[in-house]
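J.: As a plain string of letters, each chain reads:
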Amino acid sequence: MTSLANLSLAAPELLMAAAGLVLLMIGVYQKGDATRLVGWLAVLVMVVAGVLVLKGAGTDAGTTFKGMFVTDAFAVYAKVMVLGASALSLILSLGWLAQEEIKKFEYSVLVLFATLGMLMMVSANDLMSLYIGLELQSLALYVVASFKRDSVKSTEAGLKYFVLGSVASGMMLYGMSMIYGFSGTTNFEVLAEVLSEHQATGVVVGLVFVMAGLAFKVSAAPFHMWTPDVYEGAPTPVTAFFALAPKIAAIALFVRVMTGPFADLIGAWQQVMWIIAVLSMIVGSFGAIGQQNIKRLMAYSSIGHMGYALIGLVVGNEEGVQGILIYLAIYVFMNIGAFAIILSMRQKGRALEGISDLAGLSKTSPLMAAALAIFMFSMAGIPPMAGFFGKFYVFISAVHAGMYWLAVIGVLTSVVGAYYYLRIVKVMYFDEPTEAFDTPRLANRVILLVAGVFTLFYIVYPSPLLLTAQAAAKSLFAY
Amino acid sequence: MYVAAIFLPLLAAMVAGFFRHWLGDRGAQLVTTGAVFASAALSAVIFYQVAIGGQPQTIELLKWISSGDLQLSWALKFDTLTAVMLIVVTWVSSCVHLYSWGYMHHDKSVPRFMAYLSLFTFMMLMLVTADNLIQMFFGWEGVGLASYLLIGFWYEKPSANAAAIKAFVVNRVGDFGFALGICAVFFLFGSVNLDDIFASVPQFAETSVVFFGIEWHALTIIGFLLFIGAMGKSAQLGLHTWLPDAMEGPTPVSALIHAATMVTAGVFMVSRMSPLYEYAPTALAIITVVGATTAFFAATIGCVQNDIKRVIAYSTCSQLGYMFFAIGVSAYQAAVFHLMTHAFFKALLFLGAGSVIHAMSDEQDIRKMGGIWKAIPITYTVMWIGNLALAGIFPFAGYFSKDTILEVAYAANSGVGMYAFVLGVMGAGMTAFYSWRLLIMTFHGKPRADEYVMNHVHESPWVMLTPLLVLTVGALFAGWVGYDWFVGELRETFWGHAIAVLEHNDSIHHAHEHTPGWVKLLPLVVSVSGIALAYVFYMFFPGIPAALARWLRPVHLFLLNKWYFDELYDIVFVRTARALGRGFWQGGDGALIDGVGPDGVAAATRDIARRVGRLQSGMLYHYAFAMIIGVAAFVTWYMVHKAG
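Chains X and D, in that order, give the protein sequences. When we follow numbering that gives the first Met the number 0, the leftmost residue of the first sequence carries the number 0, and every step to the right adds one. When we follow numbering that gives the first Met the number 0, the leftmost residue of the second sequence carries the number 0, and every step to the right adds one.
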């Protein structure tokens, strides 16, 4: 008789799964509009899950569900980020739902399930669990992308995302089947053992397909094409959500897959990864230049940021992974802040998306303009903002690994990228003001403040993040 | 006391400069003039102790640079040479400070002017008291700066700005030579301290350095480079073009900086380096030739100029040439002697000219003067005395020093010495000629100014005349008093170790021993003839110069246009530099750097951005296709890579 799976390791996920079902029930049986109630309950669930994740952090790494599920410092770090990003974007969403008078509690439940999928991805220790987590996340995201059913753009975005996501999933499944066929296992640890002895060509081809699927999820070039259209078409809070939590989960998964089971194949995938990273940086920086819509701009921005984060993966060692983790944490703060402002771009209740709508913001609402300027400077990687350090750690890891070209290209594309980030600052500070925006909601202002303070003052006290990321990266290379 | 003498003018300059609104005109005048007078009084004491008492000393103020082998301090070196320069600088400066009270009376920024003057004085004192070459360079550049500020003092005038820039730029050429010379000194001797250098010169007498594949005598190279610096500051042939233009500055500035002190810095520096030059005979020969040529060349131009200040400026240039060829024949003492007497009578002439200009309502063209000697008798008298001194008529100051210079040139008994002697004598004749041309045209004959100006001709106030009288005393007696000390019997005890002359080079000694009588008399005869000629030309038969100018039109034009030096430089340097600059600007910077650099990159960025944007068609199947192609490309890459 096999022993029962150690459920305590998966406590946060179990909680969220159960809570999702309960919230669904509450939503259905609640008289009147349950959107607000379910929404805040979902936030609460995420917070509790976060606490559980942190509580589990003390115990040693372990696997459960017959080795399909793993918990280690890396997973804890990524999960906390995912939960935090999800919760924050859900809070932003709730305000938006209220403002747009969309009374659908399913939104929060979908976000909850998507987050659950992400946690599964982060903890995946088997190709099967990887796929289940990924699909759970994706299916939920397809729906939220087209959540504004009466909007053509929103439905188009959802459909595009769904079709292309399916293609990516198909490719990934195909790759997994090849890997299984050539190695005889789907478990990461076993795969690592097998591949350390024998590296079949079929496995590598399969790995390329898996990489394509994962690259799609992180919206890395050349699998990025969906991003601008979906970001622009999806409702703004959904865009914010897309830009944050799924990216973190996908990158975390990417890192775990590449440095875990396929660590010995680094010679094979490193160059492919190099191209993906470089292409992403180039597309992210050049593509954004011509954009007039700020959500589209953020899409290219996120493509670029993923490119920078992937530098750490190309390097493929502990230092690189540490760089990625720091980068992602800073990325979350910069983006949540920027989206808090984008979601506050309203005139007389009407939401705006054009960059030109920001004209003269420094005169109409100076604090908001200052905050956005901080985020833009940070994203451009200008010291002393936090964004500079994010880039610094990944670049330095590339330099230490002797990959000078990667670092040089990264720096050059940051320069190009600085152009469009600074253009926003220029529009806000030097262009003639238009009508003033409505006063942002309290939640937006609080999030803005927290994100702004972090971005501006990270330089003062960087060591907690630094050390945590280091420990997390170390756990990944323990075996 | 020694330190105070040097730093009082700096203190005054700072006070007058920074607190000018608080002090007002009179306050600034009192502070600066007081400080310089105090400095002059202290200098007299220093001169007495150091030169006459024979107690040279060095005062170390503080460590300045300590970098590897390069060790130097801010230190003040007082020996006879320094003491002489101190007297010259502080006394002339005092006169000029006082004179400025009257001359600059109507100006609206008097404190600024006084502050600049005091700053200049301080820098000049730094230069002459330097105990190492770097510190000397500091003073050297400092006086250059002050000169720039004062030439361009009336900065509303474009011509003043142009002249200031010209002076600065031309001096850069010389300073570059000086800086290279200092580098070469450090390279060879491993030190820039004067005493260290002089102590080790004999060891390096025969050393050569290889440069551009050719072996050069090291000391000659150094001597030549340092002399280039001296040429710039002292307006010697080739680098003289800035000096006449510098007359754009206020006249007291011309008197102080561009006649008496700064322009003689080159003479001082080369004399200071005499122990080194004594071992570089080739460099000395070059100095002789350049100096003699300058003396002759500037005199020829002086004969035809019509601006009262420019005539005196060319005369200054010419007299500096005399000093240099004296140095060239190892008669440093004679050079410094002439430097000293010249400072007095040339400052006198300039301040007198200023007095004339003042009287003539700011008119500077001597063709528009004349017939005013009765109206301004004191100015007239002092100008006479100044010109007598300049022409070298016995017993005025110039006679002693200039005659000595011509004698030593003859006594040097060398080819270049004879060249210098011949040109020098001819120059002396011309000096007398243009001096009296100036005198006669300015003061005698029929008035050529309009009635309004003539009615306003007036003698200058006493605050301007007093300095003139003080300088007159110098012009009268400086030569007679100084002769024995500087170049006469007492010279060895007087100079001590300040100036070194090798025994077989001692041309002053030769001059005393074996100069034929006609050599002593010739300059005087030539000068008197020059004066007589001027009288014939401009007093008795005023038609001759015009006829002569018509008859010798090319020569006249050649001289009037100052040997076409400015035009030559304009073509050779200014236009080429401008064309080169334009080429670099439009071709290099505009087309190449901007085009390929910022503009090109920006254009390429926009272009790439457009292409990337175009890829984003919005079509689902395009996107899916891109993904498939991507995977296919990666797999192919991997396969090819693995096969390869």
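Simulated from the structure, these hints should not be mistaken for lab results. It is possible that some hints are incorrect.
[Claimed, not checked] Distance ranges between label pairs, derived from CB positions:
1. X:Phe429 / D:Tyr154: 34 to 40 Å
2. D:Gly617 / X:Thr363: 32 to 38 Å
3. X:Tyr403 / D:Ser66: 52 to 58 Å
[Unchecked claim] Beyond 12 Å from chain D on every Cβ pair, some chain X residues (computed):
4. Val27
5. Val47
6. Val50
7. Leu53
8. Thr200
9. Ala267
10. Met272
11. Ile281
12. Val282
13. Ser284
14. Ile288
15. Gly315
16. Asn316
17. Leu455
18. Ala477
Glycine included, each C-beta is placed from N, C-alpha and C at the ideal position.
J.: Check each numbered hint from earlier against the structure, then list the numbers of those it violates in ascending order.
T.: 3, 8, 9, 10, 11, 12, 13, 14
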